[in-house]
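Trainee: Chains as they are written, first to last, in my numbering: chain A, 12 to 124; chain B, 6 to 119.
Warning: the hint list may mix true and false statements.
[Unchecked claim] Partial chain A-side listing against chain B, Cβ under 8 Å, derived:
id, residue
1, Ile22
2, Tyr112
3, Gly117
The set of hints was computed from the structure by calculation and includes no laboratory data.
Everything numeric in this text was worked out from a predicted model, so none of it was measured.
Don't be surprised by glycine CBs; every beta carbon is placed ideally from N, CA and C.
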Amino acid sequence: AQSVTQPDIHITVSEGASLELRCNYSYGATPYLFWYVQSPGQGLQLLLKYFSGDTLVQGIKGFEAEFKRSQSSFNLRKPSVHWSDAAEYFCAVGTSGTYKYIFGTGTRLKVLA
Amino acid sequence: EAQVTQNPRYLITVTGKKLTVTCSQNMNHEYMSWYRQDPGLGLRQIYYSMNVEVTDKGDVPEGYKVSRKEKRNFPLILESPSPNQTSLYFCASSPEGDPGNTIYFGEGSWLTVV
Numbered sequence: 012a013q014s015v016t017q018p019d020i021h022i023t024v025s026e027g028a029s030l031e032l033r034c035n036y037s038y039g040a041t042p043y044l045f046w047y048v049q050s051p052g053q054g055l056q057l058l059l060k061y062f063s064g065d066t067l068v069q070g071i072k073g074f075e076a077e078f079k080r081s082q083s084s085f086n087l088r089k090p091s092v093h094w095s096d097a098a099e100y101f102c103a104v105g106t107s108g109t110y111k112y113i114f115g116t117g118t119r120l121k122v123l124a
Numbered sequence: 006e007a008q009v010t011q012n013p014r015y016l017i018t019v020t021g022k023k024l025t026v027t028c029s030q031n032m033n034h035e036y037m038s039w040y041r042q043d044p045g046l047g048l049r050q051i052y053y054s055m056n057v058e059v060t061d062k063g064d065v066p067e068g069y070k071v072s073r074k075e076k077r078n079f080p081l082i083l084e085s086p087s088p089n090q091t092s093l094y095f096c097a098s099s100p101e102g103d104p105g106n107t108i109y110f111g112e113g114s115w116l117t118v119v
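Isolated chain A (complex conformation):
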């Protein structure tokens, strides 16, 4: 069965430091991969997505993610974190043919001033 794992429940970084949020998936075919961000009291906003082509994907707010098929991973990165990046981040997989989206359990990011 398809699944998405975000191994880090909480991550704390200092403002200006680099960030990497991990995401691993289990899916038989090439997946559609997404990263969403949820700010407090808000819905989810798409940061970036991948389904083919260049494995390094650029998104909004300075985020990028790299698809690594051999590791079944789609890690999210940002070179320099801003205090406004404090939020919860969700990795998700879209599964063709079933029209379902599977979300990870989320990683809550705290940014220290």
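Once you've looked at the hints, dock chain B against the given chain A.
Mentor: This is chain B only, laid out in the frame that chain A set:
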């Protein structure tokens, strides 16, 4: 402005009292779905709809009903709410059911069942 609108945003209700959470989108999207978000479990899909009068179960449909009589609306119905349905609910839409499409989320509805 393109948006997905849910109502109510916050609700406290009692066990067994039927309630409906409305969802409306103004983007002419064909695909709509409902999720619930619980701590440590992430978002889980309750129901989805590929188009008018076409709905299907997600991963956690028990205790919920939906209908899609108009393209823009996709209400979530709890016929007899129970405390284990206390959760944060999100409605979402996308242009089609193709999983490569971006999903647009509403702001969420906090539901407490006592």
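Trainee: Hints first: check each against the structure and report whether it holds.
Mentor: Right, here's what the structure says about each hint:
1. Ile22: violated (16 Å)
2. Tyr112: holds (7 Å)
3. Gly117: OK, holds: Gly117 (chain A) within 8 Å of chain B, min 5 Å.
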